Amino acid sequence: VSEPAVAAPRDALDHAALARAFVRIGLLGFGGVAASARRVLVEERAWYDDEAYTELLGLAQTLPGANTVNLAVLIGDRAQGLSGALTAMGALIAPPIALLILILTLYDHVQGLAAVRAALAGMASTGAGLVFGTGLRMAWSLRRRAAGLGFGLAAALLVVVGHAPIAWVALGVGAASMAYAAWALQRRLGS
Amino acid sequence: VSRAVFLALAADFAVLSLAAFGGAATIAPALRDGVVLRRHWMSDAEFLELYAVARAAPGPNIMIASVMGWKVAGLAGLALATAVILAPSSAICLVLGRLTVRHERTRFVRALKLGLAPVAVGLVLASGIAIARAANPGLLDWGLTAAGALWVLFARRNPLWILVAGGVLTAALAATGRG
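Protein chains in written order, with the working numbering: chain V, 1 to 191; chain L, 1 to 179.
Source of the hints: derived by calculation from the structure; they are not laboratory data. Quick caveat: nothing in here was measured; it's all calculated off a predicted structure. For each residue, glycine too, the CB sits at the ideal point set by N, CA and C. Some hints could be false.
Said to hold, decoys possible - Label pairs and their in silico Cβ distance ranges: (1) L:H40 with V:A176: 40 to 46 Å; (2) V:G150 with L:R157: 28 to 34 Å; (3) L:N158 with V:Q186: 40 to 46 Å; (4) V:R20 with L:L173: 34 to 40 Å; (5) L:D33 with V:A147: 36 to 42 Å; (6) L:V1 with V:A16: 32 to 38 Å; (7) V:A147 with L:F108: 14 to 20 Å; (8) L:N158 with V:A147: 34 to 40 Å; (9) V:E43 with L:A10: 37 to 43 Å; (10) V:A147 with L:A175: 46 to 52 Å; (11) L:V109 with V:G81: 16 to 22 Å.
Stated by the list, open to error - According to the in silico footprint, chain L covers these stretches of chain V (three or more CB under 8 Å from chain L): (12) 24-37; (13) 58-71; (14) 91-104; (15) 126-133.
What the hints assert, rightly or not - Far from chain V, by Cβ distances over 12 Å, these chain L residues were calculated: (16) V5; (17) D44; (18) R156.
Construct the entire structure; sequences and hints are all you get.
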């Protein structure tokens, strides 16, 4: 099912290209969609480079709603307006929902699906690793920004070790990081 | 299914939509409070079963809300829950996304994008750890997580291969462990 990595100008993305990309992101998104989204949008399709993708994800995560749904809205809207946003969003969620309903229906009607359950659990564990590895690759793209790495690490530690609510971390650390970025931009312009 | 149930579903999930920073994990406790304790639409065991299957299946975790709707009121419930959990947050995202495009040259939006990018990286790392903690009961499962992380860092091949390998291995072990 893999497709060649063609760098298309992302403003010219049509509805079919959006739909194909987001169907793929949704169905490959075991244990969370963060890994498959970067894989498809940055590595396979090259619609975004690491920097632009991470900036867009930052926006998607700071707003209420699921990150990748917000990401689909932002990318779809930029490409094709409201209908593009709806296309990307629908393509992202409809196939996984259909699959999930199918699995749950089988659960209710077929005995001995322990193997399917075990397989899904194994895929979720593996998927968690894909997400973590994706985070490490994204951190690598920040390697020239010491302050950025610091804010990223602070956000991760607050959630993982401090068990702080994600909303507060996104808004609190996000505001601090933004203030620092504004100060750095000001200083660069001033010199 | 009565009209009151649909209204309650819509009201509950619209609020959750605006509270769901970072996705379904954030609203899981509130979702459980609503559908199990307050509305009595399902038992705690049913909720946990649905939640576990939804988390293991591919796709955005927010679809757990769609499945709750399906459980409560069939296909109509599924459609309503999906629309209501997505619409409010997506509308905000659409409007604010357009504002950032329109004002992308201003220092505020440049600082916004530069500042939020590192937070995005930190939260992706954190969510990897959070999913692993929830999904990994034993050492073997942590091994699969490590294999997934190494695959992304070094293999650069389609992640489906390592996912299928992890799934087949776990299923095979479960089958032999039983027999």
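Hints, verified against the model:
Checked against the hint of 40 to 46 Å, the C-beta distance between H40 of chain L and A176 of chain V comes to roughly 43 Å, which is consistent with it. Remark: the range hint 28 to 34 Å for G150 of chain V to R157 of chain L is upheld by a beta-carbon distance near 32 Å. Distance hint check for N158 of chain L and Q186 of chain V: the Cβ-Cβ separation is about 44 Å, which falls inside the suggested range of 40 to 46 Å. The supplied range of 34 to 40 Å is met by R20 of chain V and L173 of chain L, whose beta-carbon atoms lie about 35 Å from each other.
In this structure the supplied range 36 to 42 Å holds for D33 of chain L paired with A147 of chain V, their Cβ-Cβ distance being about 39 Å. V1 of chain L and A16 of chain V have their C-beta atoms about 37 Å apart, which keeps the hinted 32 to 38 Å range intact. Between A147 of chain V and F108 of chain L the beta carbon distance is about 18 Å. The supplied range of 14 to 20 Å therefore holds. In this structure the hint that N158 of chain L and A147 of chain V lie 34 to 40 Å apart at CB holds, the actual value being about 35 Å.
Roughly 39 Å separates the CB atoms of E43 of chain V and A10 of chain L, a value that falls within the hinted 37 to 43 Å. The beta-carbon spacing between A147 of chain V and A175 of chain L, approximately 51 Å, falls within the hinted interval of 46 to 52 Å. Remark: the range hint 16 to 22 Å for V109 of chain L to G81 of chain V is upheld by a beta-carbon distance near 20 Å. Three residues within the 8 Å Cβ limit are the bar, and the region 24-37 of chain V against chain L gives 11, so the coverage statement holds.
Remark: the region 58-71 of chain V is confirmed as covered by chain L, as 13 of its residues place a Cβ nearer than 8 Å to a Cβ of that chain, reaching the required three. Counting residues of the region 91-104 of chain V whose beta-carbon sits less than 8 Å from any beta-carbon of chain L gives 10, enough to reach three: the coverage restraint holds. For the region 126-133 of chain V, the stated coverage by chain L holds: 8 residues have a C-beta nearer than 8 Å to a C-beta of that chain, and at least 3 were required. The Cβ of V5 of chain L sits about 19 Å from the closest Cβ of chain V, beyond the 12 Å cut-off, so the non-interface label holds.
Chain V leaves D44 of chain L outside its interface by the beta-carbon criterion, the shortest separation being 17 Å against a cut-off of 12 Å. Not every CB of chain V lies more than 12 Å from the CB of R156 of chain L, the least distance being 7 Å, so the non-interface label is violated.
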